[in-house]
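Quick note, the sequences are listed as chains A and B, same order. All letters in the first sequence, in the order written, are residues 1 to 170 by the UniProt record's numbering. All letters in the second sequence, in the order written, are residues 1 to 173 by the UniProt record's numbering.
Hints listed in this document are in silico derivations from the structure and should not be mistaken for laboratory results. Each residue gets a CB set at the ideal place from its N, CA and C atoms; glycine is no exception. One or more of the hints may lead you astray.
Said to hold, decoys possible - Example chain B residues on the side facing chain A (calculated, C-beta under 10 angstroms, incomplete): (1) Lys2; (2) Lys4; (3) Ile20; (4) Phe50; (5) Gly67; (6) Leu75; (7) Cys121; (8) Ala144; (9) Glu151; (10) Glu161.
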Amino acid sequence: MANFMLRKAEPNDVSDILRMIKELAKYEEMEEQVVLTEKELLEDGFGDHPFYHCFVAEVPKEKQSTDGFTVVAFAMYYFTYDPWIGKLLYLEDFYVMEEFRGFGMGSDILKLLSETAVKTRCSSMHFIVAENNRQSIEFYKRRGACDLSHEEGWRLFAIDKEDLKKMTTI
Amino acid sequence: MKFKIRTAKQEDCKEISRMIMDLAVYEKMPEQVKISHRELERDGFCHNPFFECLVAEVPEEHKSSQGHTTVGYALYFYTYSTWKGPSVFIEDLYVMPEYRGKGIGSGLMAKVAQVGKEKKCVRLQLSVLDWNTPSLDFYVRKGAQDLTASEGWHALRFDGEALDKLAAEAPKD
């Protein structure tokens, strides 16, 4: 099965995107952390100032998944900034449904993202991967990715809503 | 010491660029700084800016030993969590060494948190080098959780040749 199409996501795709976000979170063993709704995804991605951009992979109806889906992969990204090198493309989520893996979809999506990065004058494409996700880490390293946490010692930190509120009352 | 935190203007980019280099020297990677104030002016003050910036200023009578009154900055942008929605990412937070311990760092962070709140951000994220104990302590005191330690997240990057190679192989329409 080599028949698939990559395209920019449209507002109608939010239901499929949210479905796959939850599948990816389940794979990352953090399904209960997804609180985002379709409505929020729609407003945040297709409003006046989108917070993200998205590509999806679609298969023809005759190749639909066992559950009847034709949108079978997605990649969500946005632009960030490194004060040392300028614009970056940040890959937030990248997922291919299990039954559609091994057909080159993931590779093609990654290449399309890289082309987007180069066309939009980004110096680099960044993303995070959980260290126990060996399959994904190998996928990226095979293609030349560098592990910055390992090589330069960067650690990712987060401050959640309650602690943010405390800071704003200083 | 009195200080003021305000939104950066395009004219501040030369000062911000100076402090970006200071921070890179502290992080032991000054050779990695490839852009100047010109790129900052273009990318931070265009129609859809790629970042926002706050600066900390002191009055003339407290200027630095080299005559600077802009003594700290916070450079940040908005990201998106597919789990929780819009977030703020603080890319750089820096206060010149002679101005530390006066609440300027906390003031910058509080202002970024406030801006984030106004934009309905649910979280603030940042990266810190594992040996940078003063910064690690500063953020942990404010409630930051080390997600690399607790959840195993690693930061990866494609750049230079690896990026160009991938891009050249992109499927044609």
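Return the numbers of the hints above that this structure violates; sort them in rising order. When the structure is compared with the hints, numbers 1, 2 and 5 turn out to be violated.
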